[in-house]
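Colleague: Next come the chains, spelled out residue by residue.
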Amino acid sequence: MDHIIDKNEKAEPFLQQDIRERGVLLSIRDLKIWFELRKFGFGHAGYVHAVDGVSFDLHNGESIAVVGESGCGKSTLMKGILGLHRPTEGEIFFRGESIGEMKSKEIKQYRSHIGYIQQDPYGAMAPFMSVQRILTEPLSINGIKDHQQIQDMVHKALEEVKVFPVEDYLNKFPHMLSGGQQQRIVIARSMILNPNFLVADEPVSMLDASVRVEILRLLRSLQESRNLAVIYITHDLSTVSYFSRRIFVMYAGQIVEKALVQDLLNNAGHPYTQALLTGTSDPDGANAHKLKEVPPGEPPNLINPPKGCRFHPRCPKIIRGLCEVEAPPEFEPEPEHSVACWLLR
Amino acid sequence: MNSIKRTFNELFKYPSAVAGLIIILLLIALSIYTLIALPYDRAISLWRGESKDWYASPKYAMPAWINSFRKNKLPTTIILKTDDPSVVKTEEKATVIYEMPFVFTADAFPSEINVFFKSTYTSSPPFVGLSIITPDEREIKLGNFKVERSLAYYLSQDQKLVKKYKDIPIQEALLMQPDSKPRKPLKGTYKLIIEGVTFDEGSTVSAEAVFYGKVSGIAGTDHKRRDLSIALLWGTPIALMFGLVAAVGTSLTQLIISAISTWFGGWIDVLIQRITNVNMVLPFLPILIMIGTFYSRSIFVILTCVILLSIFGAGILTYRAMFMQIKESPYIEASRSYGASNSRIIFKYMVPRLIPMLIPGFVSLIPSYVFLESSLAILGLGDPTIPTWGKVIDESYNSGALFNGYYYWVLEPSFLLVVTGLAFAVVGYALDRVFNPRLRGQ
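Protein chains in written order, with numbering that gives the first Met the number 0: chain A, 0 to 344; chain B, 0 to 441.
Among the hints, erroneous ones may be present.
Claimed, not checked - Just so you have them, the derived chain B footprint on chain A, three or more residues with Cβ under 8 angstroms: (1) 112-118; (2) 121-128; (3) 155-169.
Bear in mind the hints are in silico, worked out from the structure with no lab data behind them.
Keep in mind that this is a model prediction, so the values were computed, not measured.
The C-beta atom is built at its ideal place from N, Cα and C for all residues, glycine as well.
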């Protein structure tokens, strides 16, 4: 991906000012989302520990990327943030209010502050609704009834995602649009309620490489113009640096490393992060003859996660007698960089 | 709107569907015509025979168009009235003679001959004598009797004539070629002579003679002389209404209930699934028979029971399987993220998704309910007040129509049922192919 994006574009406006001074928007404390497994429909058979002890703060206007392989709990974390899954333990505070204690009306209010972009743009739109209706739905649900106002907002939203001419698209159905156009409509829908917080779950993974850049540029311009806080979930490290300030690496339901993007890319602390970076493909002819060292094995079973550090069965740098016994705390080798690994003790 | 147009364009590629649609449109047009031309009250009173409308109509007559396919033409009904213009009336003092000519050209005999008299008098009733003059100038004397106000003279029950002709039916004896064997009717112009003698000043006598035919109307008649076309016409809107209401009632409710069941899950889901499982093993027909026998046979009661018993059927399970998939789709998740309520998700996001799947099944479902209504009528559970196709079959069966050779009586309603079923089924299959392109052949 890096070769497609012009290096000069990667300005880092986020680093120049201290984003932490803007105040905390979302604060997650020791969040656990477990799913109960049932035997014969009623007997208890354990839990799937999809998210197991995640804590972080998201500042106003800050952009965070969450990376990790499939099944590591990224999507569950994001659904927990949206309030689609109730936390089993721990709490999520939005501007100081715990969403676990919100009533359904307040949850609805809270959700209208969040824009949500999904991975599959076609699936994210009801196939029997026209673009007009797709964009009107969030408005009418949230109590905007005036026809003229709705029309204005729909037009504005479509213009903002650069779908021109607007009139041509209003009566189209999702299957008549290309992947890039579909994702633009989804972005327009997520932005139409003027949220101050955007959750993007792999927004470009199903798009063509060429369209990918356009969508990422669009998201970035939206983020800058509206000062959005963004949680960008991806398994693709190469798109992360494009518009994130910080990066979180998740493994088996836990965040193993949090760092500023450049720190992480240049100075990864956790063996898993290092493995991920090694695994990122770079279109370079020389790579054809190189053998990459990747950790053996598969991500652990989340019903019965390994004791101690969850990465220890695959870790090439395991410290016997420590890693498999006790879970590592978070170490901070440098400011804004924390790693949950005994190697840094 | 566009998608409806597209569906019809696709549909018109199947000739069978076009034929089916035409038949359905014809049935609808027939229903509308019936509702306008033969209002409900009139139809019901005719069908109950309350108003003595049928005295001049033959029993067990075949439809009139059957003559076009026969070499031996069957007679139609001939009605002679004393005030017809063709009647020659001669009055002489107290005697009045009506000479009523009629032309008989059929190759078979009439089924009956009856004469209805009416008289007015003050003290003593008039006296009438009856005779027939055949085309070959023979005069056959029939009965003579007093007419008190009104009198119906059934020739077949005149004992003198019965004695005279022994084993030959009277109506045949009068119109036959003399000594022909087998008996053949004599064609030509007959004259019926009615001679009335009045005894009072201003006393009058009038008569209406009916030579009942063997064919009548477009659909024939039944054992109560009623024109079957009334029942066949009124059966059309009732059959369509029953089929449509039952099909809409069951399939739409099934769709909504299974959407609710899937969306809420938990105990609601369990409850609905259990009710469905129990209901599916309940015997459908015996319950309806019990309701018809002990409670009410009104078509609306039966319709309601049919819908209630069908709602928790296999459809719930089919739709639930599809909704399970839809429930997890990203657009539902997205709608939750912008705050859609449960009812909005069910009615605006889940149910519309399955409507295209519903339509073919729903169209094919209509005839099965039309048949059900007829089956119930044949089992004697038809609404006693309304003439339907099923009831016509029921009555023909009770009168031994097939045994006695009145095929038209059974075949006409059966034909309408089959055609209706076929039309909807054919359109249903074509719709299924339009909505599920994978079913299309090469």
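Colleague: Tell me whether the statement that chain B covers the stretch 121-128 of chain A is true, taking a Cβ distance below 8 angstroms and needing three residues at minimum.
Modeller: Since three or more residues must qualify, the claim that chain B covers the stretch 121-128 of chain A holds, with 6 doing so at under 8 angstroms.
Colleague: Between the stretch 112-118 of chain A and chain B, are there enough contacts, at least three residues with CB-CB distance under 8 angstroms, for the coverage claim to hold?
Modeller: The restraint on the stretch 112-118 of chain A holds, since 4 of its residues have a Cβ under 8 angstroms from chain B and three suffice.
Colleague: With a C-beta cutoff of 8 angstroms, work out whether three or more residues of the stretch 155-169 of chain A approach chain B closely enough for the coverage to hold.
Modeller: With 0 residues close enough to chain B, the hint is violated.
In summary, the one numbered hint that this structure violates is 3.
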